[in-house]
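Colleague: Go by the hints and put chain H onto chain B.
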Amino acid sequence: MKATIERATLLRCLSHVQSVVERRNTIPILSNVLIDAGEGALKVMATDLDLQVVENMAAASVDAPGAITVSAHLLFDIARKLPEGSQVSLEAAENRMTVKAGRSRFSLPTLPRDDFPVIVEGDLPTSFELPAKVLAELIDRTRFAISTEETRYYLNGIFLHVSEEDRPVLKAAATDGHRLARFTLPRPDGAEGMPDVIVPRKAVAELRKLLEEALDGNVQIDLSASKIRFTMGGEGGVVLTSKLIDGTFPDYSRVIPTGNDKLLKLDPKSFYEGVDRVATIATEKTRAVKMGLEADKVVLSVTSPDNGTAAEEVPAQYASEAFEIGFNANYLKDILGQIDSDTVELHLADAGAPTLIRQDDKSAALYVLMPMRV
Amino acid sequence: MPQIRRLPEDLVNRIAAGEVVERPASALKEVVENAIDAGATRIAVSLVDGGLTRFEVTDDGCGMDRDEIGMALQRHATSKLPESLIGEHGALEQVITLGFRGEALPSIASVSRLTLESRPRGADSGWRKVVDHGSTVADEPAALPPGTRVRVENLFAKVPARRKFLRTARSEYAAVLDVVRRLAMARPDIAFTLDHGGRRTLAVGEGESLEHRVSAIIARELKDNGVSISLERASEAGVMRLTGIAGLPTFNRGIADQQYLFVNGRPVKDRLLTGAVRGAYSDMLARDRHAVLALFLDLPPEEVDVNVHPAKTEVRFRDAQAVRGFIVSGLRSALSTGDRRSAQSPDAGAMGRWQSEPVNGEWGAGKAGGEEPTGPYAGERSLFAGEAGAGRNRVGEAAPAWQGEGTEMAAPLQGRVAEAGPAQEVAGDFPLGIARGQVANTYIVAEAADGLVLVDQHAAHERLVLERLRAAGSGASVSRAQALLMPEVVEMDEPACDRLEDAAGKLAEMGLAIERFGPSAMLVRSVPHALGGSDPAKLLSDIDDDLAKHGEALLLGEKLDLVLATMACHGSVRAGRVLRTEEMNALLREMERTPRSGQCNHGRPTWVKLSMADVEKLFGRH
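Just so you know, the sequences run in chain order B and H.
Residue numbering for the first sequence follows our numbering, beginning at 1 and increasing consecutively.
Residue numbering for the second sequence follows our numbering, beginning at 375 and increasing consecutively.
One chain only, chain H, in its complex shape:
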């Protein structure tokens, strides 16, 4: 009979390392979190070969003295659970530091060569301890500025099983960069630098604002194309706070890699949160586009369990529904106002094209066919270079048209409407300005106090009709339940049935009445009227996929939204229809009144604004 033995200490550490440290990025995350917990204001990370050969983290935190260094390398030794809490019931639930398990350093030390140097603030000298795969090889005084420096070399050099699963230096570096970016976003008050092989790839300063830090790290455009969120809600357990910056729906991406979520300053990947984000952006983004955002959720520590996974990337909420509702409502209210800001500018690529073409000497050179622009708008044609353009007009020919502004401006050419009203009419309280004309019978050109506004008439009207339909309660009428003559039995596996059964109440509100039918089948009693022709089995399995992935049945709502969107599409002004000035102005005014009118149902912008400064730039007047 095999004997039960207690495992030796270094083996225990190595097993623990398997949970905490799986690649350089995860080891680095632990070390940087330690630096943050130590109260550092500057953290420098440098690595070689994506951290495979060596990485080093230097901070100016509180430091450790000789004894503490020794202790820090013991398992389950930490300073992060204060004396007062230990022994108390629920100590872990009140953790406010990033770490608390006391496992990371000894785990890393057991699978690499770890050099730990530290000098407490105020002490006149530092100490160094070097541990090579669990055995101490040096324990000596060291010279360094106050703070701590941790160097990890040859990670997994003696653990071939692990080493085999490491990727190339490049992809390990990508993982490291992601970790550092997330941590840097979480703490805008701390300066971070990241050097990779002698090249500085990230440098952010101390004490930055959240928006600044986030957009510096994600994308500079986010600051201009996002709304900042700041929302508090008091609950019985304490105050729940949501801050951060959310990209406008028009600023979207094909993959969801730029959604950064932080719970109590801790970067997490949680499907509840990603589901909530998708819910908030639903009907503003196409299903295959993803929002860009960084959200910081702060809530009382006892409301969230971070001790789900050693790497602490997953969290559990005590009241998940409340958190989800809070995020969705917070995001939606922020987005419903944010999209009317005047900062919505055309993207850099479009601007670039606009600026470069006149230099070629010939407008729309090399483009055949298409419509001929009217005189007044000839100078603007390069914006529509894709569809309009014929090689006839040269710059020299376009110029007279501009000079003839006074007389020709009013003359509609080739079926386009030109506004003849006085230019002084522009009032500051119309953010989208006064309509001046229509281009290609599709785009409204409006003049606002601070720039030139272009509106896609079909996209804009479609959105308005959709919002109107929704406000009028059309959502409820498409989701009316049509009862089935013969209830449909859909066989599914048991977990799927459990998930669907839990969501049954919510689905019933949307007209899909389902109930459990034995252990592994569901019975469909009614389907939403608008989806009456669809196959219940397919619908149910799609909804279940969604539930499994996002923890929420967004799909049914989205399908019904699609029906509404189709109705909206049929009921809206098409591209190519000539609009009268009054109609254009009415459309602009309604867009100003309607929330979320800044993007069409698929997340494309309904309007762009070219600021006066940009216009002047085009003419070299700046």
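Same shape as in the complex, but just chain B:
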């Protein structure tokens, strides 16, 4: 294999794929990227066996087609440090790959391409398109609630499913057992009959990063019950394929309260800032903030055994009976940070019941938060 490529192109492409590669691997070839030189273009591919990213980049010239694998982080670091605007030549021969740019020369160890694992996609019967912006918002609104606890693996991702309500919808949900985030959008064409799938956390994170550079176009999504493929940027773009979490997402619709009659409306920004301020007092392990709801105001307070107390009054619209409820300040802030309008609605029932939070009744995103005993 022998090819020459713009340093900027190589760097951008490697930055996309290298984060898929785990820093520490028991299988040596998983530390490598596959570089496949074809007609006028290079294909770069990285995988961690569950997730793979393939990107095509235009080469300045391909002198000899071929494929080789080389350490992803090494090549990325080299590309980063090469002078801007330089042409990088990659040449593989005798178990080595020579990287040349300007006056620099590197000779890197390689592993044969035939050993490189490729996820077998199989048949992906469902396919639809979503605007990249919508997909990005779907991820943003839900990913903070994804559980990081490995034992309940089925919560370690975003759950996607379609349902028929007054109109056909596609829903995305994530929960860690204490809070729930749900995002609803009209069902795209082609998504009907889609199996329920859970997209793992790492795939979500990588996808979100890739979307950042392709926000204008559409994303093609193809999936089966066990694999999902996102294609961005059309031809020559990036393709991310991931295995799906093999588990059953709990029936979360039951926990979304419908009869919460106490409605609190307030400005999410000042609410967020108030919570953030009073939580300064709380120590790292005790992030409980108490909300005292009174007529047209909320009194936020935190009591810490060693740091004293804090209280702040936030103006609000509230007309039901006064009561107190506690929340984990971080959870509350996570949710409030997602609301970008002037008001947020909190639907409460009592100090022990789940609380529903949303921008208004038309918003696509909806959050449920469990209170904390304070």
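There's no promise every hint is true.
[Stated by the list, open to error] Label pairs and their calculated CB-CB ranges: (1) B/Pro257 with H/Glu883: 22 to 30 angstroms; (2) H/Leu936 with B/Glu294: 37 to 45 angstroms; (3) H/Arg948 with B/Gly38: 53 to 61 angstroms; (4) H/Asp916 with B/Ser107: 30 to 38 angstroms; (5) B/Asp361 with H/Arg948: 48 to 56 angstroms; (6) H/Arg842 with B/Glu294: 28 to 36 angstroms; (7) H/Met986 with B/Arg23: 52 to 60 angstroms; (8) B/Ser107 with H/Arg948: 39 to 47 angstroms; (9) B/Thr26 with H/Glu889: 42 to 50 angstroms; (10) B/Thr26 with H/Leu605: 44 to 52 angstroms.
[Claimed, not checked] Listed next, the in silico DSBU-like pairs over lysine-lysine satisfying Cα-Cα at most 35 angstroms (straight line): (11) H/Lys912 with B/Lys333; (12) H/Lys912 with B/Lys243; (13) H/Lys912 with B/Lys202; (14) B/Lys362 with B/Lys265.
Source of the hints: derived by calculation from the structure; they are not laboratory data.
Ideal Cβ positions, reconstructed from N, Cα and C, are used throughout, including at glycine.
Modeller: Using the frame of chain B, we list chain H on its own:
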């Protein structure tokens, strides 16, 4: 159809023997208990081959006459339930002797060759009866001093099924020794001797104090590293009394083999008691370390049922919660004061190292690298031989540093603080003394009225922060309940669910709300906030293991304590930080004020004191 028959007497005895006598140690226990019940003041035990071949118990108790000897070998014949009690309802509940079943002697006699010789006090001659596996082979006068001598030979010689399960002489001897030690501890007023194969392995005198006896048997260091406990609590049923000696948390062991518990003078192994002990020591000991102690619990006989098991090693309490609470609070209050006593001395091994090194002629010889000690402290470096030390200084070079005390003492060398204050400042009311300096930026050296105190600054401060957090109620804030969005169903077997359901109230106080969900599943509604990220199923099964083992859910509290301890660790002064004299003194004063500050969260000492006498010993001045 098989016929139902009454079994012959010797077979009945042999069956009974299976319950009471399973190995030489258990037979010996019965015989020694008889001697104690007979009012003996001296009990001599001698054995051959760990009791497999022969053991003999001689006492100077009340003795028996010829007729009584015959009776004693009958089943269910005993002198220990007085006439007045027999027939009365609840006679067994008022038993004050160790035995009462009247089974032991005939049982032993049915599986061995038993020689019973006895002479009542005041009688001019004794009597001997020899029973070989149930049949009398001799019944004749005998010559012996007043008292009783019981000899058991060839135990299980004719019961091959039993004999097969006996261990080696060595392990049978270990079991015998354990039995004798426990009984000897229970009765410090009685002299005990134990001879094994002509060697005297245990000898304790008559009329000793409890502390003396216990530490003589367990470990001599226990007397110096323990607190004695004496506590009474009156309840409606009578007076409950807890005495004994509890090792300081710093005096711990890797296995729980030196926890001796006695209920009404009876050595018992009871999981309620071991659970209570662990509860009392929790947060002072690491989970895998165990306290050393001997506790004597006395309570009205009707409050405890000892007739649970023929060997009487298990007991049941009428009010188990009260007993547990009594033990935990008694131990904790004793331990909260005990650890500030000046007797907390470095262990013998460390002392030995300190003393031996100067003899080698070269300080820290053969140790490379490490930090160089300052002039004033050069003479003390061998204590830190593990980390400090370079082969440069010889004794001869260290000496001038000592002579230059007046001028060089005040000069901090290599970043260490040295106290320049006047030495007269030492006041008697500061048990931990006045800080004189800091070694390796980790240990505070303080001078107390009666010796030299070394304090591990990180361990000590960590403990203080933890105690402060706890006093401020941080325990409650880490255990705030975070409700679960979707209650978690945890499937467990039915007994486990029953146990957890019983403990649910207590767990709910710590933020873990669980309820029964069908016969074999539990529903978790909320988890303690600080453990929010953990797996409820794992948590529940761990708690259940703990409940099954100790009868008490200590685990959840311990896990929350661990969170607090981690907070304490992050909030405390690290090793390696230079402290100013004022800071060191403030730390010492706070340690004196804070209970349980003598050990870190893992049971290691936070400070040691080298008494003046020990210091003088190091210089050959004693």
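Colleague: Which earlier hints turn out false for this structure, listed by number in ascending order?
Modeller: Structure breaks hints 4 and 10.
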